[in-house]
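Given chain A, put chain B in place with the hints provided.
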Amino acid sequence: MSSPMSTPGGKRGRPSNPSTLLPSEVDMSSPLMYGTPSSRVDGTPRSGARGTPARQRPDLGSVRKSKQVDLQSEPSAADGAAAAEQPAGQRLVIWGTDVNVATCKEKFQRFLQRFIDPSSKEDENSCLDLNEPLYMQKLEEISIVGDPVLNINCGHVSSFDAELYRQLVCYPQEVIPTFDMAVNELFFERFPDSILEHQIQVRPYNALKTRNMRSLNPEDIDQLITISGMVIRTSQLIPEMQEAFFQCAVCAFSARVEVDRGRIAEPAVCRNCNTTHSLALIHNRSMFSDKQMVKIQESPEDMPAGQTPHTTVVYAHNDLVDKVQPGDRINITGIYRAVPMRVNPRQSNVKSVYKTHIDVIHFRKTDEKRLHGQDDENEQRLFTEARVQTLRELAAKPDVYDRLSSALAPSIYEHEDIKKGILLQLFGGTRKDFSQTGRGNFRAEVNILLCGDPGTSKSQLLQYVFNLVPRGQYTSGKGSSAVGLTAYIMKDPETRQTVLQTGALVLSDNGICCIDEFDKMSDSTRSVLHEVMEQQTLSIAKAGIICQLNARTSILAAANPVESQWNPKKTTIENIQLPHTLLSRFDLIFLMLDPQDEAYDRKLAHHLVSLYYQSEEQLEEENLDMAVLKDFIAYARSYIQPKLSEEAGQALIEAYVEMRKVGSGRGMVSAYPRQLESLIRLAEAHAKVRFSDKVETIDVEEAKRLHREALKQSATDPRTGFVDISILTTGMSATARKRKEEITAALKKMLQSRTKTPVMKFQQLFDDLRGQSETAITKDQFEEALKALCDEDYLTISGKTIRLAT
Amino acid sequence: MPSTNDWINNPLGVVEEMFGKIQVETLPHDSYNTVPSLNDVPLHYLKPNSLVKFRCLIQDMFDPEFYMGAYDTVDPSTKAKVLRCGKYKDVTECGVDLDSANMVTSERQTFYCVPIPGESPWVKEISSCARVVPSTSYVPSRQKRSYEDDDEDDMDTQPQAQGTPAAAEAQGNGDSKRQETEAPSGQKASSPPLDLNFPLPGEKGPACLVKVYADWDSFKLNDTMEVYGILSVSPALSALSDQSDTSSSLILDPAECMETAEELRVHSPPASLVPRLHLIHTQRLAHNNPLLPPAALEDTLASTLGEMVSVRAELLAYFTQLLLGDVLAAEYLLLHLISNVYARRDVIPLGKFTLNLSGCPATAGPAYTEQLYCALQQLVPSAYRLSMTLQNMNQLRLVPRKDYVANRLLSGALQLAANTSLYLDETQLEQGQLDPAGVRNITALGNVISWQKVDYDFNYHQMEFPSNINVLIASEGRSLLPSDCHVHLQPQVTPPNMEAYLGSALTAQSSSQLNKFRLYLTMARTLDYSISEEVTKAVEDDFVDMRKDDPQSISADDLHSLLGVARLLCLSLGQSALSTDAWSRAKHIETLRKSRSEPQGCLNGNEP
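Chains as they are written, first to last, in the UniProt record's numbering: chain A, 1 to 806; chain B, 1 to 608.
Treat the hints as calculated values from the structure; they're not laboratory data.
In this text, a Cβ means the ideal position worked out from N, Cα and C, and glycines have one as well.
Among these hints, one or two may not hold up.
[Said to hold, decoys possible] With beta-carbon atoms standing in for the labels, derived distance ranges:
| hint | chain 1 | residue 1 | chain 2 | residue 2 | range |
| --- | --- | --- | --- | --- | --- |
| 1 | A | A386 | B | S584 | 47 to 55 Å |
| 2 | A | G306 | B | Q283 | 14 to 22 Å |
| 3 | B | S218 | A | V628 | 57 to 65 Å |
| 4 | A | G306 | B | G202 | 21 to 29 Å |
| 5 | B | R401 | A | T537 | 30 to 38 Å |
| 6 | A | T537 | B | L390 | 18 to 26 Å |
| 7 | A | K630 | B | P466 | 15 to 23 Å |
| 8 | B | L390 | A | V628 | 42 to 50 Å |
| 9 | B | R401 | A | K630 | 39 to 47 Å |
| 10 | A | D402 | B | Q462 | 27 to 35 Å |
| 11 | B | G202 | A | F288 | 49 to 57 Å |
[Claimed, not checked] Below, computed lysine-lysine pairings styled on DSSO-like, alpha-carbon distance capped at 30 Å:
| hint | chain 1 | residue 1 | chain 2 | residue 2 |
| --- | --- | --- | --- | --- |
| 12 | B | K548 | A | K570 |
| 13 | A | K630 | B | K537 |
| 14 | B | K548 | B | K516 |
| 15 | B | K453 | A | K569 |
| 16 | A | K712 | B | K548 |
| 17 | B | K594 | A | K603 |
| 18 | A | K630 | B | K220 |
| 19 | A | K603 | B | K220 |
With the rest of the complex left out, here is chain B:
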């Protein structure tokens, strides 16, 4: 049985040893935490062909490829034949006997993976802290690479600032690092930077080509997962590096000319920039909150369930402060943050809860909405703020589009992982004209809100991908986009200096307090929910009664939203079944909310 250390440092050796003996490659269970992660360790500190993990989202799926699963090599001097295993490798050993009868062709699938888009800084921070001290065998093994990305340099400095154990390591290797950062600066100008195709603009981090060997049909686009695999950074993989070679050689290989330069660039980018990862083990992530590791879910659940009510009260108080003393809006914000599409009935997604927070003080400029976003970003594992300026709407690519020249899916800002918070800042919208692209973008946002789906553009046809995005719209008046729930903010306090007020509210939360909130939000989302026969009956009676008094007061749609609110209310209290109390509470807050929005509607109508 290979030890954990063997697995991490020499996984290929382990595989080679196992090859022919047992079929299943099993990773020792306790080793998960000791595996270095590509998310926080810069690529050049990782040993090639070592075991690494990567927390990522499947951005694109490439075509399946055939490779030599097993082959014979012939030693040129002794003529001895050795059977080799081709799994988990990109390049074969020397001296392949291409005519051997032992050659087995196998199939594998390649996924293009990027770090989870919009991952909050605190998630990165906590998961890199949780990392076990890397073993001393981490030596930057490659001295110089042809291409270097700034991002990795940024990441280098990060652990140093945090004072994590990795920092000492990094400083110890300072020499080699300097070499690497100096060298590429000249080259950068010569070759255009490769677009790593991150869904959100301004994202950083490594992208990775993950090679999957089994069961690839179970993976879906936009799945989030943590992959454990063998890192392969062989320079031979880069398409660009040997371009000059092929042109000089006399080879008339039909395979060479069948792809365009763009396609080659995209599908075989330099391994130093986009490493290859040969998948050994995958862990699907239901969420990317590092405070709630999937293994410990049951324990944490039991211990925190009792606390949920008190944490909820604290969080509510915090939100009330953020929302300028508006308790009702704070409650809705809380419900919004724990919403989650848990099922779909033919076309209707159930559980979505898009909140439109109107009446955001505009006099303070963008400061208020921006600070509110900062506060939310501190609580949710991934979030993105889309400032709905006219320019953004007309120019941003929201919907992913297939680029047939490069044969890849160009990502768009709506290619997000499940449960990402999308914060639409409509206060930034000014008067002007939307061009056709802008109209399409607005339609796409509307589709996400109403149906939780994004129609990816495949040029000749569209393909529908389900999404699960929490959309929060901050606006002055009622938003032009649809929403499940519209709350008009009624500030109780008017601080003279908004920025200072919010700033103090933000800093007042200790990190342990924040962690409690983060844990609470993720927990509430994962709870099960049911409605008993009795309560069903009560709800029915209630509905009929309400309709009897005034049929206009409540429609089927209202009942839909009422049921949705009741569900979220229960979950927020840590209850897994609807109680009559929660039902009447839901009715109460809905009435409050409606009474608020109706006069508001008239007010809007009267405005010129």
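Next comes chain A alone, as it looks inside the complex:
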């Protein structure tokens, strides 16, 4: 302990050595105590701060008294840079570090005064002038608002002065109080008249030291770290004694004792009257600070497969208490601590294990921005330069679209167009906000419905998509209720608070909600989808909570035909029995049918057999890695926002007009504005695949092609073979509607001809009508006709008897 280490720069053994946390035997009263940077050593206000009280910083472990060491006392000290800048007498460093208080202060003040970040994208800086020194503007803000906290982005410090940044990360406990001093001097110099609750505290954040909880290791002890995680538990508020107040029972002399490493040394003798054991602790005159234990857990995205998440204990102090709630995703910046555990205070052997925790300095919620409707993906996903390069190279390839679509669920054979459709769904359109002109948001998400025979791997496709997207949900129509999809109100058993538990649709906000067995869903459950699929919101009014939640989710649904096998003689609506109001909200409806042709069968067989014996490596060579695909999609979603070009707009208009024309020739309408919107979304998504900022004609072409393919499959009138969009929008093809009218008219005519019998049997009437008509009439058609007449109040139906209305 006699020779303090102070080799400046380079790697030093100290950070990995927790012994520095432990008592040191250096005499506190030694002259080395000169100029302790801790601003609260004596608890009195500093002169520069003009009476503004200093506030303790338990987050920095205020109990530790740092001391400075004169570098010159060491013969080996040869810090050239420091020596050149400093007069010899001031070459002091804080014991155990290479931090010189004066230099550090000066550097930091220079940083505050000069740092400019013109390319800043942080939203908190949005109202500041980017060409002026950033932090001076923030100080000005402090003088106006009066909130004495200055958040410093460590990235800025690092780009301004790498050495200062290194010191900050390695010795936060010493450097941050120095920063505090520096900023207060600067502040009160500039705004001498401002009144603050206490002195300004510097809160650095975004230290790039560590991103992941799993990578914390003994080397990080006592360093400034930033990790991300999810809050899983918060404790009650713990009052922690900072300074004990003792009073002598004999002479009422008072003494203050600061807490030192969690202990209070009770004075045994009164200094005034020399009575022993006369001092008693006065609780309400002692000083306490707030403290809260927060437990955070690794975010699920950061975890390797097959392992359980790690947790870390975090202590929040003073005004950071109660800043976070369980379930919040946060980034925390703090100092990593390790404390040895004693088995028993009276025993000398200690448990060889340390308890670790983080003293938090700064919280930043990562999911906060989602409330404001912004994507936080660019915040969370950091792509390395190399990764971006590979992605861009891939995007530049002419066949990127085909490559990606074949990389999607490679184990599922063929169905190229369906995969392409899903690929475009994964990318989504561009989000457009017209709320300022009063037209609200336009949906950017693409909804897809797959229907078809059982056993055509629809579920597999859904599972694949669910596993691919970061915020995906998978539910089955059979097992989900309206409540499970939307949100429900629950009483928390512990806190007795009412909490809103969100369901699958809300959870998949900005993701994809996969709904299997869509047809098995009850009508009431399905009805909640109407709002979600067009307005992208979810309104809840229950248990006194009325709110509207964002549910900007794409829906990928799979439905089976009602009669177990797809009946090609029937329309989509008849086959899956879904309300057409819902169907029209799907951009693409695909049929997954068995193609039943020999070449296809052969290829399918080959594909399946190879699935069973090819090794993993072989397959990986052939296909794009799932991780690449994931990154590609994430990158495109967050960085590419294509806009319609002039030609593309023209092409879209043409396509739309053409679509309407096709139908009008036969007295049918084959396109509605909703289809135009779908086309725009698909074209935008296709532009995203190319990493293009502009939607061009080729995008429109592909959107048109895909849309037509889907239409051809799902909206073809089985009676005429023409594409007829009215099947989806009204649930009936135009020919069927015409036929229905004919039958109704025939029935009416027949009834009018025999007015003498106002009551007749159902079956008899049906037989009569069939006998009269030259074309076959099904029972369904007959019933429909009856119903139509019933609606006209021409007759009434009661059970099996039909009565003419008089």
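Using the frame of chain A, we list chain B on its own:
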């Protein structure tokens, strides 16, 4: 070079000796069998700080912990400093110099391990028999402990009944044992029993906290392994024992108040109940069949491969008898038992073969399905019978759930080791209502069957863990759960007394015969498999032809299952490549099976 004996009795001494000289601690290879096992030797017969092994499953992973890897101790009288190694120890030596510059902080990881869930009695029996006579140095070194579990007493009696060499040992130490069993009975009532968090209800055996010093990222939850480590049972480790101490002391240590009582209880349980094991060597277990030791795999493989066909025939005959003379069902049961998820293609697990055995005679009550399970349990290394009663479905915890208060993963019945046989007895299901928990349980079972995954519940999110569980569903009609293959039982014989009939079938098998079967099933599962170009072509042609005649007859899904059946059929015959014979045989039995289930479907539909 330290001898085997040194390693077993004084491993810490060996480590201390090696400390500073060589970095790698190597265990002599021949010593594996002589190491006493925590699975079958009661804890109090094991010497603290001796080398033991433990066959286990990683149930939970705790947070990494930092410990003093190396430190100086100061002798209070002489002031002499000695550098010590902190590895493989929980408690430091006396007189640690906390300010020494030589102090090295290292990191280690703790896993909570439990014995392999559902391990069949015969596995335990054989592995404890295979154990070498423990050396005479086994003396119960701890006379009395604060907490004692019944389980260990049960285990004491077991070797005695078997008449193993350990029995004599145990009897010799009878005195001390009596002392121990008497003492705790009073205390048991006072402190609530600690939940050792076994995945399956009614499980017994020690749980263990395994401290891992290197390469912990390679371990995964639910891995099965045999760990060799230094046993540490220092009473100082128990959180509960010194609770009174800490409250009386004036210490205001921030570290003390950061954990709840539950968390302390779970993470530092009494060492007498949950010993600590400092890992020295791990052996991953591909299976836990003691008849097929991993070292001897190659030899056994070569010698038994030829016999496989004949053993298969015998086993088939045995199954036919069990399944009341139904040869087809017997064949499918055999294929089911050797199935194994060998790969995953994006989300699809390949190789799973869930069998739904419907038409189990219900008139005989639960007796038939129960006895069938007993017979299977005698053949597979680990199995669990889940009786799907309404009560069980609504109340059992199938899916593991994270308990944030105690900071641990509460286990569930679906946290099973790879290749465990899960026997779902649906004949027990009666009419009634499933509550939300019941629905979740059914969904979880469905997920296991279709995707071989279990979504663990982490409250704020779910996490997917892949599983590899052989699910066999015994039901009356077609099961409500999905399955890869549904066989309706067609009994050829109707014995008047089912119980007696099955009982005699069970007892008729000699133990050597059973061992042959056990070996066969494990062997067949480990074989490699491939399909040659030629056969691929033949299969393709076949598929196209079949589709040509009648496109409805075979779909892509059917081909999937046909390929699966063909693969298992080959493996069951000891062949590692698909032959055309096996392919046509697979087609044949699939046709038979389908022709059986179709009329059955109509029958079910007509039932009210």
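Here is how each hint holds up against the structure:
1. A/A386 / B/S584: 47 to 55 Å: holds, 53 Å
2. A/G306 / B/Q283: 14 to 22 Å: Since the Cβ atoms of A/G306 and B/Q283 sit about 19 Å apart, the hinted range of 14 to 22 Å holds.
3. B/S218 / A/V628: 57 to 65 Å: At roughly 25 Å between Cβ atoms, A/V628 and B/S218 fall outside 57 to 65 Å, so the hint is violated.
4. A/G306 / B/G202: 21 to 29 Å: Roughly 27 Å apart at Cβ, these two residues keep to the hinted range, so it holds.
5. B/R401 / A/T537: 30 to 38 Å: With Cβ atoms ~32 Å apart, the hint holds.
6. A/T537 / B/L390: 18 to 26 Å: violated, 40 Å
7. A/K630 / B/P466: 15 to 23 Å: holds, 18 Å
8. B/L390 / A/V628: 42 to 50 Å: Given range 42 to 50 Å: holds, Cβ gap about 48 Å.
9. B/R401 / A/K630: 39 to 47 Å: Once the Cβ atoms are compared, 28 Å apart, the range 39 to 47 Å for A/K630 and B/R401 is violated.
10. A/D402 / B/Q462: 27 to 35 Å: holds, 34 Å
11. B/G202 / A/F288: 49 to 57 Å: holds, 50 Å
12. B/K548 / A/K570: The given pair, whose Cα atoms are some 25 Å apart, holds under the 30 Å limit.
13. A/K630 / B/K537: violated, 35 Å
14. B/K548 / B/K516: Distance ~45 Å between B/K548 and B/K516 Cα, so the pair is violated.
15. B/K453 / A/K569: violated, 39 Å
16. A/K712 / B/K548: Holds. A/K712 to B/K548 sits at ~26 Å (cutoff 30 Å).
17. B/K594 / A/K603: holds, 25 Å
18. A/K630 / B/K220: holds, 24 Å
19. A/K603 / B/K220: violated, 38 Å
In this structure, the earlier hints numbered 3, 6, 9, 13, 14, 15, 19 are contradicted, and the remaining ones agree with it.
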